[in-house]
Amino acid sequence: MFKLLFLTIISVFAKVAYAKKSVFMPPEASVYAHDADKLYAFILNVSAVSFVLIVLCIAYFGFRYRRKTANEKTPHMSHNLKLEIIWTIIPSLIFFFMFGWGWKLWNQARHAPAKALEIFVEGQKWSWGFHYKSGRKSVNEVYVPVNKPVKFIISSKDVIHSLFLPAFRKKQDAVPGRYTSLWIQPTKKGEYYIFCAEFCGTEHSSMIAKLKVVSFKDYANWLANDPYKEMSLSKIGKKVFNTSCAACHNVNDTNKVGPGLGNLWNSKSIFENGESLVADATYIRDSILNPNAKVVKGFPKGVMPTFKGQLSEQQIRGLIEYIKSLKEK
Amino acid sequence: MSNLTDKNYLNCEKGLWSWLTTLDHKRIGVMYLISIVIFATLGAVFSLLLRYELFSAGKDFLTALQYNKVMTYHGAIMTFMVLVPGIPAVLGNILLPLQIGAKDVAFPRLNLLSWYCLMAGALIAMISLFTTGVDTGWTFYAPYSIGSAQSGTVFVVLGAFVMGLASILTGLNFIATIHQLRAKGMTFMKMPLFVWGLYATSIIQIVATPVVGITLLLLVAERLLGVGIFDPKLGGDPILFQHFFWFYSHPVVYLMVLPGMGVISEVVSTFSKKVIFGYKAIVYASVAIAGVGFLVWGHHMFVSGQSDWAGVLFSFITMFVGIPTAVKIFNWMTTLYKGSIEFRTPLLFALGFLFVFAIGGLTGLFLATLSTDMHFHDTYFVVSHFHYTMVGGAVMATFAGLFYWWPKICGRMYHELSGQIGFAFVFIGFNVTFFPQFILGAMGMPRRYFDYLPEFEHLHAVSTVGSTIVNIGMVIVFVTLYRAWKNGEVAGDNPWGGTTLEWQTTSPPPHENFTKEMEVSGGPYDRP
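If you're matching them up, the sequences are chains A and B in order. For the first sequence, this note's numbering begins at -9 and goes up steadily by one. For the second sequence, this note's numbering begins at 214 and goes up steadily by one.
Among these hints, one or two may not hold up.
[To be verified] Below 20 angstroms or equal to it, Euclidean Cα-Cα: the simulated EDC-like pairs (lysine to aspartate or glutamate) are:
| hint | chain 1 | residue 1 | chain 2 | residue 2 |
| --- | --- | --- | --- | --- |
| 1 | B | Lys397 | B | Glu732 |
| 2 | A | Lys200 | B | Glu668 |
| 3 | A | Lys58 | B | Glu629 |
| 4 | A | Lys63 | B | Glu629 |
| 5 | A | Lys147 | B | Glu668 |
| 6 | A | Lys58 | B | Glu555 |
| 7 | A | Lys63 | B | Glu555 |
| 8 | A | Lys219 | A | Asp243 |
| 9 | A | Lys127 | A | Asp216 |
| 10 | A | Lys141 | B | Glu732 |
| 11 | A | Lys200 | B | Asp664 |
[Said to hold, decoys possible] According to the in silico footprint, chain A covers these stretches of chain B (three or more CB under 8 angstroms from chain A):
| hint | region |
| --- | --- |
| 12 | 474 to 487 |
| 13 | 507 to 519 |
| 14 | 526 to 533 |
| 15 | 552 to 563 |
| 16 | 567 to 577 |
| 17 | 583 to 595 |
Just so you know, the hints here were simulated from the structure itself, not pulled from any lab data. For clarity, every value in this text was computed on a predicted model and none was experimentally measured. Backbone N, C-alpha and C define an ideal beta-carbon position, used for all residues, glycine too.
In isolation and in its complexed conformation, chain A is listed as follows (with noise of 0.2 angstroms):
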């Protein structure tokens, strides 16, 4: 019985703690993420072991000493000042073995290199914002050149945000109000997710960027490159149509969190106190610019945030535009 279950225990033991890959995780995307992962998989050979331990031992005391007879006596064991050193000693030490290289890895993934490439990442309620020193900006998408060092620098214009990167084993929280930063050091070229991982309302869930990891040369050109080279105007309106809009507004007349743009043009907007207006390329630019001066009836105010210093005006001409075309269609 006792050399049965050694066996099993042993054989469980060696296969969790041979088990290097990392279980579940996503691909890693970076030097960091691999180290990370191996600490990962340290604690999670550690716990699957103990857990094991744990529950073998009570099925097995449950099984040999479960009651034959009502009246049998068990003796009075209540202390084991030795036995109780021991398992308060050895827990301590592997916790505190794990607190020491979680820590190690932190110091590493909390300070970037002096000359990371720093892009300037906005959140707002339900987009991501990304400026980089050359002017250029993004939105949704971030191109960065692999095995380059780059330093995100984090704020939000709204309410809490934070950024996510699961390949990269990081996140951030954007903070309205101050600056925060993230970095990492991609070793892969590819496509990544980045989530919003701090609750942030009703769009929540879809606040979702695109980061692209490039050679230098792709990069160098996507940053030089005029993105609306040749581009018709509705052309570029739909392009920012669906990074910034589409969380909240459907390009047909049915209503997400703010109402369908499909038929707007032209048609009367009705407001709270009564006025009404209709819908010109004045009224757009103004509703994009100020939105809550004229809140649509049925619709909270508040809600949408200013695209004022985020969009070019060629963008906001491409909007009107593009929402034009939406009621000829």
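Knowing the structure of chain A, use the given hints to seat chain B on it.
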């Protein structure tokens, strides 16, 4: 041996009014039980709505906004209205005086007042259901909660504040009772471990609750008057809110778990017919968990923007919570060793507690360690971890306690097979619901998501199936208890051979618990 027609606390007075004005701690405990079962049912309905919306990717029958409200109500109800008052107010109220050989708690009127505070708070919070509701999550993080367009926020926050008063009054009452009303000869080191659990819990209730109370009031002031403490637009600091909030809300998880651990000690000892192993270690561990629990709140905030050094310190201190928890688990295991173990429903729930709580505790290591937490924070891993500790720690223990003391509370025995079937459903359903969520979290699924990427779908479907099983289990459990109350077999005064004082009076106990002055000489679990 009594029979049920003798005068006892249930039949000494009749009518609804006699219940609503009662000062008897046992009756107040029963009233807490009934109200909490109603709240829990409401919370469970919200949880099923959540799970079924998440069954498949995309929008099913709720909109994103409705989902967020359902998610908020589930969390707020289960935390403030079920788990916080749960074990202390129900089992604590009924058993604390019985276990220390007292007639009642120290301040019976205050005890009744605390029940009314809970009811008033719950009522205020529920008014919000008739407004636009609340969509902030139970954590009410600023500045979202300040700017949220949902007007129900103020009601829920105020309700939580009033319910906090109930919690403080109960804690105060219990501490006074434990200090003043112990039976002759019952020194602190001869108190049953459930009483120790309640003592540690009461300290948390008294020290931590006022902090969250002030915070919630400030939040209301901020929303209504724009005072500018938490909102950066008005010069406030949203991280400050998180510090205040977690200063309460971290200890509060120990508030839920510590009395549960007390129940487990009682049940494991009784059903293995053996003195508890390492009584003193368990006592010190309880007090240590309560004390250290106040110094670890920052581990909710490693990536919030607090200083890196704060993160390091909080991670370090958090490891100290792991040690007493591990010690307790070893103590319970050793109590089983060489025992005479009888597998009745209370023990099954207690062993279920060990299984689930061990997983909850071990997964806490991933979150206490700085660099792994960076990945797991605010993902389903956390959701699963705290359900393993809360539901595992508090709910499994509550059920263990309810089945264990049910013959004492109503004088009748539950139907054993039904109890065991209920346990099987709860235990299996719970693990099927929440184990997949660890994997989802590791894969990177953030929490509080109305919609998710297609690769997460299978595990979400499994989890939804599990939630159905666990709720069926809950129904079986409460039907079993209800039927026992109505027409179970007469149980007798001490059906389990328990050694603590509550088993020395009749079942159900008389109005003032004991007919003679109680006196204690040996330890609480000594067997002749």
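So, going through the hints one by one against the coordinates:
no.: 1; hint: B:Lys397 x B:Glu732; in the structure: holds (5 angstroms)
no.: 2; hint: A:Lys200 x B:Glu668; in the structure: holds (16 angstroms)
no.: 3; hint: A:Lys58 x B:Glu629; in the structure: holds (18 angstroms)
no.: 4; hint: A:Lys63 x B:Glu629; in the structure: violated (24 angstroms)
no.: 5; hint: A:Lys147 x B:Glu668; in the structure: violated (31 angstroms)
no.: 6; hint: A:Lys58 x B:Glu555; in the structure: holds (9 angstroms)
no.: 7; hint: A:Lys63 x B:Glu555; in the structure: holds (13 angstroms)
no.: 8; hint: A:Lys219 x A:Asp243; in the structure: violated (30 angstroms)
no.: 9; hint: A:Lys127 x A:Asp216; in the structure: holds (10 angstroms)
no.: 10; hint: A:Lys141 x B:Glu732; in the structure: violated (69 angstroms)
no.: 11; hint: A:Lys200 x B:Asp664; in the structure: holds (17 angstroms)
no.: 12; hint: 474 to 487; in the structure: holds (count 3)
no.: 13; hint: 507 to 519; in the structure: holds (count 3)
no.: 14; hint: 526 to 533; in the structure: holds (count 3)
no.: 15; hint: 552 to 563; in the structure: holds (count 5)
no.: 16; hint: 567 to 577; in the structure: holds (count 6)
no.: 17; hint: 583 to 595; in the structure: holds (count 9)
In terms of the numbered hints stated before, the structure departs from hints 4, 5, 8, 10, listed from lowest to highest.
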